[in-house]
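These protein sequence lines are chains Z and L, in that order.
Just so we're aligned: 7 in our numbering is position 7 of the first sequence, and the numbers increase by one with no gaps anywhere.
Just so we're aligned: 141 in our numbering is position 141 of the second sequence, and the numbers increase by one with no gaps anywhere.
Worth flagging that the hints you see were computed from the coordinates, not collected in a lab.
The C-beta atom is built at its ideal place from N, Cα and C for all residues, glycine as well.
Treat each hint with caution, since some may be false.
[Unchecked claim] Covered, in the sense of this in silico footprint (three residues per stretch, anywhere, with C-beta under 8 Å from a C-beta of chain L), are these stretches of chain Z:
id: 1; region: 90 to 103
id: 2; region: 120 to 133
id: 3; region: 136 to 142
id: 4; region: 203 to 216
id: 5; region: 219 to 231
id: 6; region: 240 to 251
[To be verified] Think about it this way: if two alpha-carbon atoms lie no more than 25 Å apart in a straight line, the pair counts; the simulated DSS-like pairs of lysine-lysine are:
id: 7; chain 1: L; residue 1: K106; chain 2: Z; residue 2: K102
id: 8; chain 1: L; residue 1: K180; chain 2: Z; residue 2: K228
id: 9; chain 1: Z; residue 1: K228; chain 2: L; residue 2: K154
id: 10; chain 1: Z; residue 1: K194; chain 2: Z; residue 2: K102
id: 11; chain 1: Z; residue 1: K67; chain 2: Z; residue 2: K192
id: 12; chain 1: Z; residue 1: K228; chain 2: L; residue 2: K106
id: 13; chain 1: Z; residue 1: K49; chain 2: Z; residue 2: K194
id: 14; chain 1: Z; residue 1: K194; chain 2: Z; residue 2: K27
id: 15; chain 1: Z; residue 1: K103; chain 2: Z; residue 2: K67
id: 16; chain 1: Z; residue 1: K67; chain 2: Z; residue 2: K27
id: 17; chain 1: Z; residue 1: K49; chain 2: Z; residue 2: K192
id: 18; chain 1: Z; residue 1: K142; chain 2: L; residue 2: K285
id: 19; chain 1: Z; residue 1: K228; chain 2: Z; residue 2: K27
id: 20; chain 1: Z; residue 1: K194; chain 2: Z; residue 2: K103
id: 21; chain 1: L; residue 1: K276; chain 2: Z; residue 2: K228
id: 22; chain 1: Z; residue 1: K192; chain 2: Z; residue 2: K103
id: 23; chain 1: L; residue 1: K276; chain 2: L; residue 2: K154
id: 24; chain 1: Z; residue 1: K142; chain 2: Z; residue 2: K228
id: 25; chain 1: Z; residue 1: K103; chain 2: Z; residue 2: K49
id: 26; chain 1: L; residue 1: K106; chain 2: Z; residue 2: K103
id: 27; chain 1: Z; residue 1: K67; chain 2: Z; residue 2: K102
id: 28; chain 1: Z; residue 1: K194; chain 2: Z; residue 2: K67
id: 29; chain 1: L; residue 1: K208; chain 2: L; residue 2: K283
id: 30; chain 1: L; residue 1: K208; chain 2: Z; residue 2: K142
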Amino acid sequence: MCVKTNPDLQMVRVKNREAVLDGVPYKLGDLEKNALEAAVVLRDAAGGKVTALCLAEGDRKAAEGIKVALAMGADEAVVVDDPALAQPDQAAVAAALAAAVKKLGACDLLLFGEGSTDNYTGQVGPRVAELLGLPQIGYARKVEVIGGAVRCERSMDDLLETLEAPLPAVVTVVSEINEPRIPGLMQIMKAKSKPLQVWALADLGLDPAAVAPLREIVSNLAEEQDRKHILFEGTAAEQADAFVNALINEGVLGR
Amino acid sequence: MPELLVYSERVDAARELVAGGRELAAALGLGVSAVALGPGAGAAASELAAAGADTVYVSEAAAFEGWPADAVAAGLAQVAARAGAAVVLIGSTRRGKETAPRLAQKLGAGCVTDVSSLGADAGELLAGRYAYGGATVARERLTSAVKVYAVMPKTFSAEGASPGAGTVVAAELNASSAVKLVDRRPKEGEHVDLDAAPLIVGLGRGFKSRDDLALGERLAAALGAVVGCTKSLADFEWLGEDRIIGLSGARTAPDLYLGVGVSGQIQHTVGVAGAKLIAAVNKDKEAPIFALADYGIVGDLYEVVPALTERLEGV
Numbered sequence: 001m002c003v004k005t006n007p008d009l010q011m012v013r014v015k016n017r018e019a020v021l022d023g024v025p026y027k028l029g030d031l032e033k034n035a036l037e038a039a040v041v042l043r044d045a046a047g048g049k050v051t052a053l054c055l056a057e058g059d060r061k062a063a064e065g066i067k068v069a070l071a072m073g074a075d076e077a078v079v080v081d082d083p084a085l086a087q088p089d090q091a092a093v094a095a096a097l098a099a100a101v102k103k104l105g106a107c108d109l110l111l112f113g114e115g116s117t118d119n120y121t122g123q124v125g126p127r128v129a130e131l132l133g134l135p136q137i138g139y140a141r142k143v144e145v146i147g148g149a150v151r152c153e154r155s156m157d158d159l160l161e162t163l164e165a166p167l168p169a170v171v172t173v174v175s176e177i178n179e180p181r182i183p184g185l186m187q188i189m190k191a192k193s194k195p196l197q198v199w200a201l202a203d204l205g206l207d208p209a210a211v212a213p214l215r216e217i218v219s220n221l222a223e224e225q226d227r228k229h230i231l232f233e234g235t236a237a238e239q240a241d242a243f244v245n246a247l248i249n250e251g252v253l254g255r
Numbered sequence: 001m002p003e004l005l006v007y008s009e010r011v012d013a014a015r016e017l018v019a020g021g022r023e024l025a026a027a028l029g030l031g032v033s034a035v036a037l038g039p040g041a042g043a044a045a046s047e048l049a050a051a052g053a054d055t056v057y058v059s060e061a062a063a064f065e066g067w068p069a070d071a072v073a074a075g076l077a078q079v080a081a082r083a084g085a086a087v088v089l090i091g092s093t094r095r096g097k098e099t100a101p102r103l104a105q106k107l108g109a110g111c112v113t114d115v116s117s118l119g120a121d122a123g124e125l126l127a128g129r130y131a132y133g134g135a136t137v138a139r140e141r142l143t144s145a146v147k148v149y150a151v152m153p154k155t156f157s158a159e160g161a162s163p164g165a166g167t168v169v170a171a172e173l174n175a176s177s178a179v180k181l182v183d184r185r186p187k188e189g190e191h192v193d194l195d196a197a198p199l200i201v202g203l204g205r206g207f208k209s210r211d212d213l214a215l216g217e218r219l220a221a222a223l224g225a226v227v228g229c230t231k232s233l234a235d236f237e238w239l240g241e242d243r244i245i246g247l248s249g250a251r252t253a254p255d256l257y258l259g260v261g262v263s264g265q266i267q268h269t270v271g272v273a274g275a276k277l278i279a280a281v282n283k284d285k286e287a288p289i290f291a292l293a294d295y296g297i298v299g300d301l302y303e304v305v306p307a308l309t310e311r312l313e314g315v
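Only chain Z is shown next, with the shape it has when bound in the complex (with noise of 0.2 Å):
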């Protein structure tokens, strides 16, 4: 399974348009912790192993992140750190996932979060299906492994489905699908023990090439919202009054 490590976003503020990421707190994606928790579920019923796996992306505290996954039940982690991938766009970060899969050799179900806490741009997961020419099932919100296939309810807006795909394949999950475990001490003591692999782009044969950006982030601003800010005064009744006059001339109401 396949984490990230996020800026806690209820800590994060604006100020003069940029967001302030000093001093807030790196943790584990919830969509991750949803993903993991699905993994170790899966393989206490099942058998077999859970391995983390994760970019350390430069200085962005990954190895928080998968000291809790180690500690909520993952069997070991694999981090792959490359100073080619300090700032990966999503090609990259799948590029180097779907590489790092390949090395582990076997494996039955990769899951991920259906995007992460901060970007949410949900291409990751499509984009390592694709590359180990995987079966994809998106927003699952229930999984359980049948035979040698994984079988899936999602949601999708007024519909409900149930899917299934043949194993080896890549699922990704949605925040109903569980109540993430909460690691005790022991749990914490225990994953310092676990085993914890880095791999280097070379490790997983790429080329610095392989993981070249696609996309450039011009700006990243908050917007400037233009808007009327007119403030009401009176009783309440006077407030109503004027406020109501305003929709109707703003052809809100009486349509």
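Following the hints, put chain L in place on chain Z, whose structure we already have.
Below, chain L without anything else, positioned relative to chain Z:
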């Protein structure tokens, strides 16, 4: 001429993308084609032509039934190669968002998902999407030869679009899905569609109890609005999760959003930034919601909401 290619399994979203894509294509010197996939998909061809498509590629192959991501990505890649697509626009629905990256990977393309603005500037496309959970908007440029964008519904409008030639091409596509549909059924219970609601009343922590929400619900009924809420009210289980607006819920674009007892934390307001008008009732005049509002009423919601409801019921 290289093409701008449009696809969505939702015809309304495809029409918007064709209409918006036509303006971008004109600026970039591209033709406009649309793709319709799945049993019965050919019926959409005339609508796509009316929205501005010069060519509509149609495949009604059974492999596209239910639009599985692997089969659709394979089919679109073949159309993209045949049409010489330089830009592909896909509706960023759940299905579109899981298909676009797979297609991009097949085409060696960069991809931006959940695009909320897309413009051509000096011959280059610049896509805007929310980042950091909506606190900021990242403007992104793709540097690959082919570019794939999954664009949010309602980013463009199909109103007043000029029609295209609409030549229908029956496409023979080699696609199949490894994923099997076991069952498909409608969701039980009431379906709350905040995305499409023209009027929304958002309820927040200013309400002191679950029973008091009836005040807000009565106001919404008087307005003809759908009730949404902040995440905290759903966490209290006062309202369902399908009513959450913001980072953890819906991104809405109504004509009017009226926040009642909503303080205006970014985690909620990211879901209403697309509203044409924002209004708020809050007793704290320093509440951040007022910085975003067109119309504000500073006052106790327990007095203002009944007065407002009474006034609206008289309209």
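### Task
Could you tell me which of the hints above the structure violates, numbers in ascending order?
Numbers 8, 12, 18, 19, 24, 30, in rising order.
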